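Colleague: If you want the building blocks of each chain, they are given just below.
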Amino acid sequence: MPEDRKPIPRREFLRVGVRGVALAAVVGGTGYLATRSREARYVWQLDPSKCTQCGKCATNCVLKPSAVKCVHAFAMCGYCELCTGYFEPEPNALTTAAENQLCPVAALKRTFVEDPYFEYEVDEPLCIGCGKCVEGCRSFGNGSLFLQVRHDRCLNCNECAIAAACPANAFSRVPATQGYLYRPGYSPATRKEG
Amino acid sequence: MRARSFILVALLIAACGAALAAEPVPPPEFTDTQHQVPGEQYPQPSAAAIQYLDVAVLFVALCLATFLALRLRSRNAVFALMVACLVYFGFWRKGCVCPIGAIQNVTLALADPHYAIPLAVLAFFALPLVFTLFFGRSFCAAVCPLGAIQDAVVIRPVGVPRWLEGGLRVLAYAYLGGAVIFAATAPVFLICRYDPFVGFFRLSGSLGMLLFGGGLLVVGLVIGRPYCRFLCPYGVLLGWLSRLSGRRVTITPDQCVRCRLCEDACPFGAIRKPVEPPTPAERAAGRRRLAWLLGLLPLLVVVGFVAGGALGTPFAKLHPEVVQAERVRAEELGEVVGTTDASDAFYESGQPVDERYAEARRLRSRFALGGRLFGAWMGLVVGGMLIHLTLRRRRDDYEADRGACIACGRCYDYCPVELTRRKKQAEVSSAKNPSAKQ
Amino acid sequence: MSQTTANPAVDPSERKRSWLQAAWATAVVAGVFSVVLAAAMVVDALRSQAEDMRTADRLAELKVALRDRPMDEGLKARIRALDVELRRSFFRRSQATDTGRWLLLAGVAVFLISLKSAMALRRKLPMPKAETPVPGLVGRLARTSRWAVAAVGVVLALAAAALVVTASSILGRPERGEKAATYPSDEELAKNWPRFRGPGGLGISAYANVPTSWNGKTGDGILWKTAVPLGAPSSPIAWGDRIFLTGSSKKLLEVYCFDAATGQLLWQQAASGIPGSPAERPRTMEGVEWAPSTPATDGARVYAIFSTGDVIAHDFSGTRVWARNLGTPENSYGHASSLAMWRNLLIIQYDQATADDKKSKLIALDAATGRTVWETKRDTPQTWATPIVAKVSHLQLAHSGHVRIEDATPGDQIIACGDPFLCGYDAASGKELWRAECLGGEIAPSPVYANGVAYTANAGSYATAVRTDGSGDVTKTHVLWKAEDGLPDICSPLANGELVWALTAGGLLTCYDAKTGKRLWEKDFEVNCSSSPSLVGDKVLVTSEKGVTFFVAASRELKELGKAELGEGCRTSPAFLDGRIVIRGEKHLFCIGKK
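Protein chains in written order, with the working numbering: chain A, 2 to 195; chain B, 12 to 449; chain C, 3 to 597.
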């Protein structure tokens with residue numbers, strides 16, 4: 002029997018050697034990538050300037066309703082009485098009645114401020130991220146309504162299902178510390194100055 | 012008042028339905044009511060801490076799994092840990108990010124210097140590899156949520172013939188190759204896009220995804236862990252590292268008595284029978300076969316590399332920009348009527364078409380290179396497997412295959428030597444601690 | 003289930019059996035529950051989805067109806083009710099599916115647990131029979147395994163091949179690279195009359211040997227005369243033995259090819275069935291109709307554009323190569339700018355509407371395929387001028403001391419008039435290089451170029467000379483001179499580097515010094531002119547709408563050299579070939595030359 006057992010130590014020796022190499026490769030590769038890793042975390046976000054309001058954010062997110070919601074940058078808003086983001090293209094009357102509203106889930110709230118200004122607010126739990134109001138606001142208004150991935154909801158999938166479906170390539174990974182992208186020329190920081 | 016007149020003009024324009032984009036309406040100043048313009052909320056992503064917690068849980072679970080499988084040798088304990096990990100990594104953390112998917116992040120980080128891989132993802136990728144290198148695939152046994160959900164549905168396993176098992180294993184290598192190529196070129200994360208079980212973890216998902224996952228689970232009732240064995244790309248890596256591992260699952264704690272009780276114990280077909288040494292005639296035939304297979308290997312690699320270039324076109328169809336460019340071109344040539352969301356988005360971007368076509372062509376030539384590498388890889392895999400199947404090693408005992416064993420510990424209960432050991436152990440412990448018996 | 007109550011007196015195997023039964027029963031119940039629940043959820047999801055879709059459609063219909071009957075209160079009430087219904091069902095459904103999912107998960111978990119316990123209870127240790135070694139079994143297994151691996155490999159390869167076969171791309175294969183575009187050399191272009199006003203669009207003949215006397219009434223000096231099927235004010239172009247023309251009627255837009263030697267009509271092709279072509283013809287000026295633009299050719303194909311926005315390419319045998327519509331031009335007199343070419347690019351000045359509409363652009367199409375190569379926005383309202391392509395060499399400017407010789411970078415520029423800018427574009431990329439504010443009003447005369455300077459003249463503004471070596475707005479820096487005499491309204495100017503001529507629609511020909519813009523002389527022919535003046539050797543040719551061609555010496559002093567009559571009205575510019583002139587009258591195409 003000792004003759005038969007002879008090759009085993011040799012194979013074991015080889016195995017230890019290769020294991021050492023493999024360990025060095027895994028640890029070395031990991032270490033190399035770790036030195037390049039600057040950000041603790043990346044999150045998905047969509048660039049409002051690329052967004053075409055195709056409606057896929059509402060349908061393609063793994064969450065129902067979507068993690069993408071409409072955000073209203075109040076400081077950009079013109080407080081129009083005839084808000085094209087709020088009203089149907091040819092509204093019957095400028096009232097909050099159902100027949101006049103563009104939003105399919107009535108997630109946009111309209112309140113009177115002073116003549117002739119009205120404030121519009123997104124009721125986030127209701128919003129499904131369809132982007133209808135965004136389109137309306139962008140076509141004729143200031144573009145103060147825009148879609149954003151809401152990070153309190155987003156599961157941050159490794160491959161975002163909306164990003165895969167987005168026709169405008171508007172989705173990208175951004176550092177979690179700057180998790181929101183704003184309309185050109187606007188950000189909450191500049192808002193305070195202006 | 013100026014602002015008001017502006018608004019009136021804007022309203023007029025909007026009401027007339029004029030197609031021109033009006034000048035922005037300046038935000039009003041509320042002189043009468045002193046109304047404060049509210050600020051909007053930007054909820055921040057959950058702190059990175061949760062990710063590091065995941066890594067810590069992963070580490071602890073790996074240590075525990077290794078201990079339970081190799082030291083405690085208890086299938087029930089391994090199963091309990093598996094369920095716990097299924098609940099945590101699967102249903103609680105929604106199965107994302109997992110080491111299988113992390114392959115793609117690592118690939119992307121290596122391929123694209125602008126992508127900085129998060130440390131937690133890196134840890135998820137590397138930790139199971141290191142553990143496997145030393146202790147075998149205890150990650151698969153008890154930590155991986157994808158493995159766990161399949162293991163949970165193993166009811167009445169039937170054996171897959173050895174030859175079929177080896178053939179289907181090619182699929183996993185193909186999946187690994189494809190995932191790496193796509194992560195490096197597109198980046199499209201195939202593994203995540205076609206993850207069969209994440210829909211169950213989230214309790215929602217597209218119909219196709221749920222059907223694929225559901226189908227795998229139904230098959231999994233009788234064929235243990237089909238995804239792990241025939242598809243999992245990470246399993247390919249773990250299988251290789253597991254072959255190098257120092258400590259790993261041994262069916263018997265001592266000397267195999269060749270009682271054959273464990274022969275059908277493994278639902279994953281990982282137990283190998285003893286193999287007699289080949290006869291001189293067989294050995295000679297084997298040598299000849301090995302010689303020509305060794306010659307075939309480089310040929311397969313070269314053929315795969317050359318033919319793989321043709322895959323550039325179909326591969327590129329997974330890239331949205333290529334699809335968009337193709338669509339715009341088809342519209343331009345009048346081959347299709349109407350526009351799609353993608354072509355609309357392109358027209359809105361105002362980018363010259365030729366730039367987009369050039370980009371699409373550049374992407375496609377990248378995919379063509381990817382296709383070549385994929386072809387070469389598949390040639391290497393098929394050739395390598397053929398060679399591997401030609402090598403014949405003598406085996407005296409029933410033992411778990413170094414690569415295929417996932418350390419679930421099911422076979423322990425079948426081994427009479429193991430049962431004797433447990434009995435002795437119980438006697439020893441009761442002798443040491445007689446009060447426990449009372 | 004009553005059997006499951008454990009009785010302590012029963013022996014262990016009996017107890018085990020009762021547990022097994024319980025496990026089986028639970029598994030069956032849980033399994034049936036899960037299947038039924040899953041089926042119900044799927045059915046409910048599909049049904050309520052369809053129902054919601056119907057409700058949403060109805061809602062949309064009602065909203066449309068409300069536009070017709072805005073005062074219908076009943077309609078409003080129905081819309082509101084439907085809206086509430088839709089939202090209520092949305093929330094009901096999301097709540098139901100949420101509960102359903104968890105119930106299903108629980109059901110499946112119970113099913114699995116009971117089934118697994120049943121299996122564990124049933125499990126017996128195997129009783130393997132005695133081993134009978136089969137010789138060669140290991141080798142056979144290895145062989146089958148190898149075949150299995152090879153088979154899977156082949157299946158994968160076949161699948162990949164199927165993918166390759168089914169996936170087609172219309173973007174062209176990247177591996178072979180783009181085929182080098184072919185285009186005629188400068189010499190070939192100079193020998194022919196490839197576009198409006200000939201090579202470079204300058205109105206200068208490469209041949210001095212063209213006839214100076216003819217009479218269309220008597221047929222003296224007329225080589226041949228062929229009736230043109232449909233009239234239009236577009237001019238003839240010529241390449242080799244072919245002459246091309248366009249014509250239009252209310253129904254037809256056509257391209258004609260004539261034999262240059264005999265005048266025989268070789269083929270005529272209608273520009274019809276082009277996708278995107280407007281169903282209704284756009285408004286154009288009377289007499290101009292829809293084919294005022296002169297075609298262009300590169301010796302391989304002939305290209306034509308019509309006021310509908312249709313661009314069409316035929317090869318010399320009359321086969322359509324490609325056709326496309328650029329979008330109906332918004333032009334109050336109809337699009338009239340002619341085609342220009344640079345290398346393999348077809349250059350189209352597509353000015354429309356008002357400057358605020360931002361619809362004007364310069365377009366370059368790949369002549370072989372018709373696809374857009376570049377597009378440059380132009381902030382000009384509609385114009386009717388044709389761009390010229392100039393081989394700009396600033397060496398002349400360097401010699402005259404305007405630029406340093408090392409800055410005299412040559413390049414091909416497209417020069418185009420607009421309101422109020424004259425612009426130079428890089429021909430390869432379409433990038434705007436420079437612009438000079440020197441034009442105004444309705445722009446119909448095209449620019450000309452000589453020795454590093456572009457000349458333009460338009461009624462309502464000035465005659466201007468602009469150096470083409472500038473960048474950005476060169477109004478203050480590169481305008482050499484401005485003049486206000488004899489400004490043309492339709493006819494394009496003419497320049498030979500030393501002198502510049504401008505011809506008004508009223509027949510007033512003014513000659514300027516090209517260096518200073520000083521008026522040297524003027525001559526009023528007292529005829530109406532639509533045809534642009536041409537330079538043949540040392541003679542300037544002016545053709546009136548009545549078809550009378552006047553010859554004037556191209557010199558600093560006015561010297562009249564006689565006239566010739568076509569015998570038919572003429573609103574087009576002539577093409578000059580070796581010893582011949584091809585000119586289009588109201589009804590006929592004439593070839594003037596010695597037999």
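Hints are supplied without guarantee of correctness; some may be wrong.
Claimed, not checked - Using 20 Å as the maximum straight-line C-alpha spacing, the simulated PhoX-like pairs for lysine-lysine come out as follows:
| hint | chain 1 | residue 1 | chain 2 | residue 2 |
| --- | --- | --- | --- | --- |
| 1 | A | Lys65 | B | Lys284 |
| 2 | C | Lys433 | C | Lys360 |
| 3 | C | Lys548 | C | Lys565 |
| 4 | C | Lys484 | B | Lys284 |
Claimed, not checked - Label-pair distances were calculated between CB atoms; the ranges are:
| hint | chain 1 | residue 1 | chain 2 | residue 2 | range |
| --- | --- | --- | --- | --- | --- |
| 5 | C | Leu165 | B | Gln436 | 52 to 60 Å |
| 6 | A | Phe14 | B | Phe70 | 37 to 45 Å |
| 7 | C | Ser96 | A | Glu122 | 19 to 27 Å |
| 8 | A | Thr60 | B | Cys267 | 40 to 48 Å |
| 9 | C | Ala161 | A | Thr60 | 25 to 33 Å |
| 10 | C | Val156 | B | Pro124 | 35 to 43 Å |
| 11 | B | Trp251 | C | Thr57 | 53 to 61 Å |
| 12 | C | Phe93 | A | Glu91 | 23 to 31 Å |
| 13 | B | Ala369 | C | Ala355 | 47 to 55 Å |
What the hints contain is simulated information worked out from the structure, not anything from laboratory work.
Model, not experiment: these values are computed from the prediction.
All residues carry an ideal CB built from backbone N, CA and C; glycine is no exception.
Colleague: Now look at each hint and say whether the structure bears it out.
Modeller: Here is how each hint holds up against the structure:
Distance hint between Lys65 of chain A and Lys284 of chain B is unfulfilled; the C-alpha atoms sit about 51 Å from each other, more than 20 Å. Annotation: proposed proximity of Lys433 of chain C to Lys360 of chain C holds, straight-line Cα distance about 17 Å (limit 20 Å). Distance check on the hinted pair: Lys548 of chain C and Lys565 of chain C sit about 12 Å apart at the alpha-carbon level, within 20 Å; holds. About 101 Å separates the Cα atoms of Lys484 of chain C and Lys284 of chain B, which puts this hinted pair outside 20 Å; it is violated.
Separated by about 57 Å at the C-beta atoms, Leu165 of chain C and Gln436 of chain B satisfy the suggested range of 52 to 60 Å. Against the hinted window of 37 to 45 Å, the Cβ-Cβ separation of Phe14 of chain A and Phe70 of chain B comes to about 30 Å, which falls outside the hint. Remark: the range hint 19 to 27 Å for Ser96 of chain C to Glu122 of chain A is upheld by a beta-carbon distance near 23 Å. The beta-carbon spacing between Thr60 of chain A and Cys267 of chain B, approximately 58 Å, falls outside the hinted interval of 40 to 48 Å.
For the pair Ala161 of chain C and Thr60 of chain A, the beta carbons lie near 30 Å from each other, so the given range of 25 to 33 Å is met. In this structure the supplied range 35 to 43 Å holds for Val156 of chain C paired with Pro124 of chain B, their Cβ-Cβ distance being about 38 Å. Roughly 57 Å separates the CB atoms of Trp251 of chain B and Thr57 of chain C, a value that falls within the hinted 53 to 61 Å. Our hint of 23 to 31 Å for Phe93 of chain C and Glu91 of chain A holds, since their Cβ atoms are close to 29 Å apart.
At about 31 Å, the CB distance of Ala369 of chain B to Ala355 of chain C disagrees with the hint of 47 to 55 Å.
Checked against the numbered hints given earlier, the structure breaks hints 1, 4, 6, 8, 13 and satisfies all the rest.
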